[in-house]
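Here is how the chains run, residue by residue.
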Amino acid sequence: MRLIDPLEHALDHAAYAASLTVDQHHLKPSNIQVSNTSLVVSPLPGGPGQWDIALPFDAQAVLFNLRSRRVVADGSGMAGVTGVAKRASAYSGKTTTASLGGHSALSSYGSYNCIYSKAASSLHLSHKVFDSAGDFIVLTDAWIETTSPTTRVLRTWWTNFGSTNKTLNCWGQIAVLG
Amino acid sequence: MRIQSTYPMLTDHGGLAILPEQHHPPVETVTIQINGTSISAGANTQTFALTYSGHKVARAILRGPFTVDVVGNAGAYVVGTDAANQSAGFSMMPSEIAFYPTTYMGGYSRMHGDTYVSEIVFGQSIVLKDVRINGTNLELTFQNLSGINQLLYCHGLVIVK
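Residue numbers (my numbering), protein chains in the order written: chain A, 1 to 178; chain B, 1001 to 1161.
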């Protein structure tokens, strides 16, 4: 015998009956504040540096806003990147399945704003603003990775275009959309 | 006797009674890869099938074929809704002044009467006109401002919820 719980939202999953899987479940939105000022990234041909940000296991898509410490032009705002990321194939980092865009700005030569998309084979997703000097480290990729049967992360890759080790400087928020 | 269900969705509304109109469907992602599709003059709607209905908001980050300085591309970041002509966002395009290579970024709102929601960044004479959720479809409407066929380029990711 099997008893069904009294459904609190009985209609919403009716089409899936008892076959609902974790992947089909919808998660409530949530926000995660993040920062990293300690990740050391080796210069090319080393790297990329990897920063995993823990997410709820049900997370399927996120909106991220990350800022550096690089001041933009004459204002007080910081250069950074806005983007969206989705799940990659489970249990392996298949960056080709992650697609996102963003914009960023650089102070020395005015302001650059542009879009990047892994769907169009962009090599990176930001300008070189995410180290303490704001000159060398770019966001290379970001995707949602399943790291175990019960854990999931937003995996971010960072590339150092300098000639010596650089330390990541990044603050922001990850909005788990569902 | 009561057997506890193992389904995680049973707890996600915290015990509240949920009406059908309050239900939120699972988030979905749509990867956009339009690489040189010929479109005729005027409005052209590209349709992408969704799995679920009931989505309310779409976040679209899209780029076109034109390079900004030495990195990235011109494009647009647009939020759409489940109604036509309600999208809003911002779009960036490179400066035409080669010796001072900044970019321009402008905001657009269809709700406030703007005709389009992007600069001419998705091909020669092609702008993004609207982002809309229509039932179980995501619709991206582009406008070819020229009088002849043009090639449409658009890559990115759209998240609907």
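FYI, nobody ran anything at the bench for these hints, they're computed from the structure. These numbers were taken from a predicted model, which means no experiment stands behind them. Ideal placement from N, C-alpha and C gives every residue a C-beta, glycine not left out. Treat the hints with care, as some may be off.
Pairwise CB distance ranges (calculated) [to be verified]: (1) S35(A) to I1148(B): 32 to 40 Å; (2) G77(A) to Q1124(B): 28 to 36 Å; (3) Y1052(B) to Q50(A): 27 to 35 Å; (4) F161(A) to G1106(B): 27 to 35 Å.
Coverage of chain B stretches by chain A, computed from C-beta distances (three or more under 8 Å per stretch; other residues unrestricted) [said to hold, decoys possible]: (5) 1113-1120; (6) 1151-1158.
(message) Tell me the numbers of any earlier hints that the structure contravenes, in ascending order.
(response) 1, 5
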